[in-house]
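Model the full assembly from the supplied sequences, consistent with the hints where possible.
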Amino acid sequence: MSAPPFPRVTAPGRAPRRGLAVLAVLALLAPAVAHAAKVRGRVEGFRNLLNPVWADARDPKAHGYSFREQVPTVRAEFRRLFPHAPKEICVAALAATPQKATPPVLVRVGGGRTTPVTLVAPPGTRLTFQNTDPFKHRLYGVGINTFQPADTQRGGSRDWSVPGPGTFEIRDELAPSLRMWVIGEPTVAAIAYPSMKGDFGLTVETPGDYVVQAFFAGKKVGPAIPVKVDLADVDLSKSPLKVGDEKAAAAADKAEAEKAKASDQAPKEGGAK
Amino acid sequence: MLLSRFWYVVLALLLGAGFFLLNIASSMFNRAGQLSLAQGLASDVQVVSWYLRDDARQRAAQLIPFALDPDMAKNLQRSSDSDSRVPGDARAKLTEVLKRVSAQIPKELAFDSLFAVDQHGRVVASFGYQASSEDFELGGYPVVADALHGYVRDDTLVLDRPYRVVARPVEYDLAAAPAGAIVGARVVDDRFARELSQRTGAAIAFYAHGQRTAAAAPEGFTVANLDQIVGDLADLDQDKEYKEKGRSAVRVIGTLLSVQYTRLPGEAWQLGAGYAVARAPAAVSGPFGFFGKADDKDKKAGNLIIAILLVIVFGGAGIGFSVLEHTRPLRLFKTEVGKLAAGAIEQLTPSHFRGIYRKIASDLNDGVDAILAKGGGPRRGPADFKEVLGDLPDQPQMSAFSLPGDSAPGEPVSDPSSPSQPPRGLPNAPSRPMPGPPGGRRPRPSPQAPDVAPVGDATMPEGGLAAWGSGDPDEAEWRGVFNDFVALKQQCGEATDGFTYEKFEANLRKSRERLTQHHGAKRVKFSVYVKEGRAALKANPIKE
Numbered sequence: 000m001s002a003p004p005f006p007r008v009t010a011p012g013r014a015p016r017r018g019l020a021v022l023a024v025l026a027l028l029a030p031a032v033a034h035a036a037k038v039r040g041r042v043e044g045f046r047n048l049l050n051p052v053w054a055d056a057r058d059p060k061a062h063g064y065s066f067r068e069q070v071p072t073v074r075a076e077f078r079r080l081f082p083h084a085p086k087e088i089c090v091a092a093l094a095a096t097p098q099k100a101t102p103p104v105l106v107r108v109g110g111g112r113t114t115p116v117t118l119v120a121p122p123g124t125r126l127t128f129q130n131t132d133p134f135k136h137r138l139y140g141v142g143i144n145t146f147q148p149a150d151t152q153r154g155g156s157r158d159w160s161v162p163g164p165g166t167f168e169i170r171d172e173l174a175p176s177l178r179m180w181v182i183g184e185p186t187v188a189a190i191a192y193p194s195m196k197g198d199f200g201l202t203v204e205t206p207g208d209y210v211v212q213a214f215f216a217g218k219k220v221g222p223a224i225p226v227k228v229d230l231a232d233v234d235l236s237k238s239p240l241k242v243g244d245e246k247a248a249a250a251a252d253k254a255e256a257e258k259a260k261a262s263d264q265a266p267k268e269g270g271a272k
Numbered sequence: 000m001l002l003s004r005f006w007y008v009v010l011a012l013l014l015g016a017g018f019f020l021l022n023i024a025s026s027m028f029n030r031a032g033q034l035s036l037a038q039g040l041a042s043d044v045q046v047v048s049w050y051l052r053d054d055a056r057q058r059a060a061q062l063i064p065f066a067l068d069p070d071m072a073k074n075l076q077r078s079s080d081s082d083s084r085v086p087g088d089a090r091a092k093l094t095e096v097l098k099r100v101s102a103q104i105p106k107e108l109a110f111d112s113l114f115a116v117d118q119h120g121r122v123v124a125s126f127g128y129q130a131s132s133e134d135f136e137l138g139g140y141p142v143v144a145d146a147l148h149g150y151v152r153d154d155t156l157v158l159d160r161p162y163r164v165v166a167r168p169v170e171y172d173l174a175a176a177p178a179g180a181i182v183g184a185r186v187v188d189d190r191f192a193r194e195l196s197q198r199t200g201a202a203i204a205f206y207a208h209g210q211r212t213a214a215a216a217p218e219g220f221t222v223a224n225l226d227q228i229v230g231d232l233a234d235l236d237q238d239k240e241y242k243e244k245g246r247s248a249v250r251v252i253g254t255l256l257s258v259q260y261t262r263l264p265g266e267a268w269q270l271g272a273g274y275a276v277a278r279a280p281a282a283v284s285g286p287f288g289f290f291g292k293a294d295d296k297d298k299k300a301g302n303l304i305i306a307i308l309l310v311i312v313f314g315g316a317g318i319g320f321s322v323l324e325h326t327r328p329l330r331l332f333k334t335e336v337g338k339l340a341a342g343a344i345e346q347l348t349p350s351h352f353r354g355i356y357r358k359i360a361s362d363l364n365d366g367v368d369a370i371l372a373k374g375g376g377p378r379r380g381p382a383d384f385k386e387v388l389g390d391l392p393d394q395p396q397m398s399a400f401s402l403p404g405d406s407a408p409g410e411p412v413s414d415p416s417s418p419s420q421p422p423r424g425l426p427n428a429p430s431r432p433m434p435g436p437p438g439g440r441r442p443r444p445s446p447q448a449p450d451v452a453p454v455g456d457a458t459m460p461e462g463g464l465a466a467w468g469s470g471d472p473d474e475a476e477w478r479g480v481f482n483d484f485v486a487l488k489q490q491c492g493e494a495t496d497g498f499t500y501e502k503f504e505a506n507l508r509k510s511r512e513r514l515t516q517h518h519g520a521k522r523v524k525f526s527v528y529v530k531e532g533r534a535a536l537k538a539n540p541i542k543e
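If you're matching them up, the sequences are chains Y and X in order.
Counting in numbering that gives the first Met the number 0, the first sequence runs from 0 upward without gaps.
Counting in numbering that gives the first Met the number 0, the second sequence runs from 0 upward without gaps.
Hint data in this document are derived by calculation from the structure and do not stem from the laboratory.
You can trust all of the hints, since none of them are fake.
Beta-carbon label-pair distances, calculated as ranges:
#, chain 1, residue 1, chain 2, residue 2, range
1, X, Gly209, Y, Ala247, 39 to 49 Å
2, X, Ile23, Y, Arg137, 51 to 61 Å
3, X, Gly87, Y, Lys196, 21 to 31 Å
4, Y, Pro162, X, Gln237, 27 to 37 Å
5, X, Gln237, Y, Ala247, 34 to 44 Å
This one's a predicted model, so the numbers in the text were calculated from it and none came from an experiment.
C-beta atoms are modelled at their ideal positions from N, C-alpha and C, and glycine is treated no differently.
Okay, structure coming up:
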């Protein structure tokens, strides 16, 4: 149902040592975890969002294909290039005060994207990028001096720490479709990724007042929902996070349809004419 | 001479015209070659582009049997329904479906790799691709994402190497989102390039990340030449057309290769991957560059036999004119001059020569005569009777039958016994003997009259005066004239065979009678001279 919290670093080469370190962290946090509360909720309207990478790629001017045609049996609502929520929409519980850096986070690099695609983490959090593809990647941070392009071979990994507050975009010189957004948020207390149906569950360790906010493609989407966390679990299902507007999406679809119609009159090939 | 000079002009004109035409031809050939090359390359690029698109469509059509397979849709849906992990049996069943259906695909449209992808983007099953882990996924690529959202399309991915990829959705429940997608990939390798080259006739090389990844060329084109594009790829980013439109202008690498680059559609476009279509430039370096470019067929069209015949005819004509107008006259002149030098002849005969040689011979003779007249050498001309003997009497002073020694002293006839007084005009140096009478016999001086003038002796037959017999009063004089005339004819190179005194005397007699009647002269004096290189006789009527 709910997505796991920060993925833990279990890089194959360093699994035993790193596993022990994670266990040590968990042991230190054990009393708090024991009293952690679950905040369950639901994300609505994420099918009204548009994955920016795929949206760019469908533009004929991007020369991303020589032909691209609809399969008529697929309903129009599913043809919208909505994001894959379990990887791309990050739901964060933001506290009123800055939080400690979390344990290292494993980011899988493979299949033309990262997992997760959107990540909210306190500054100083170390990210470990692990290459799961059978070929190398060359990741870099857009405008980030501390993350210059460098090869990550098959099965290899690369570390990088969130330098501070703000939004950071990670790209791959060898895979144009790979774009990841890291939001440095000092007050983030917990994050979760919704399921395909939009359900999510946040594990908040410390009781207090929080706001639940969804992030997508480096930006906040939808309104934040305030939540007071005590020892008991909280269910926000009745007031879901609305991350996408149906009317706006319909308008976007209409514009896209007109654009596609216009492009049908032009040569269809995305490549050289 | 005129023919030779004309021939030289003709040859010079032909040579100049030939060189000029060759230069024009090479320039026109190069220009036409460049135009043809550009058109050919553009055509090749277009054909390759069409082929790639058509190939992608045909391969996409081959994915339909996978998408329609019920086991495929069912198991992909099962996998998509599981957020956490892929059901193990779904992997096995989908792998079996991939193998079963791919076996039915025509060989020329077969895929190198096939992937069954669920809604999460996870590769549930694959065929022909060695994934690095079970978590291998493809969901981030736009081509797969599009398929998962209901589109069929192609792409070119540059992973470990370039792949031509097609994908289409797999539907299980038409009321729901597609259960997954089926993705087919074709490696862009030498085999792919070879197939493409065979079907399009183009020499083609694929490149990615600044390296050539695959190449193939039709027969007659060296594939290794396509390696030269590697050095040119670095400069390709400066090609504005290539950056904006994805197709470069025609670029010439070295002198061996003309290339046009085109970006591959898909993600490869952004990565600078593409293909180069190449042709060998059809250009010659100069007028003689045609020889290097011509193949056997061209050489056959060159009409070598006609060319050789032209060389023979024109060369032979030139040599013939040269021999006719230069060699032969020169050789003749050389021979005659040799005779003159050897003393075989007394002077050159201008009538034997033509053109300038005739003038040279005449001038040479005049020059020799002038030298002799100045005493620079023996006189080679015939003796002037008047100069030698002084004024002759109107009537001969001696009988035609008298002996030279019978003439009485004190008569007006010069004393033949006083040879110490050489005639005017004769040099003191011993002169050459006068030419003999016809037949080559030279009359010897009579031993009885050694002091008789050589001229008189020269006309004396060996039998003495007894051999003279016409009885004409002028016979003695005419004999002398006859001898002079014969000698002069020989000097002029004229034939004297059959020329007898009797005929000569008959002619003189007729002339004397005609002149005496016509002019009322008492007698006619004959003398010899050279007229236009020939011996001539001059008649002088005397009225005293």
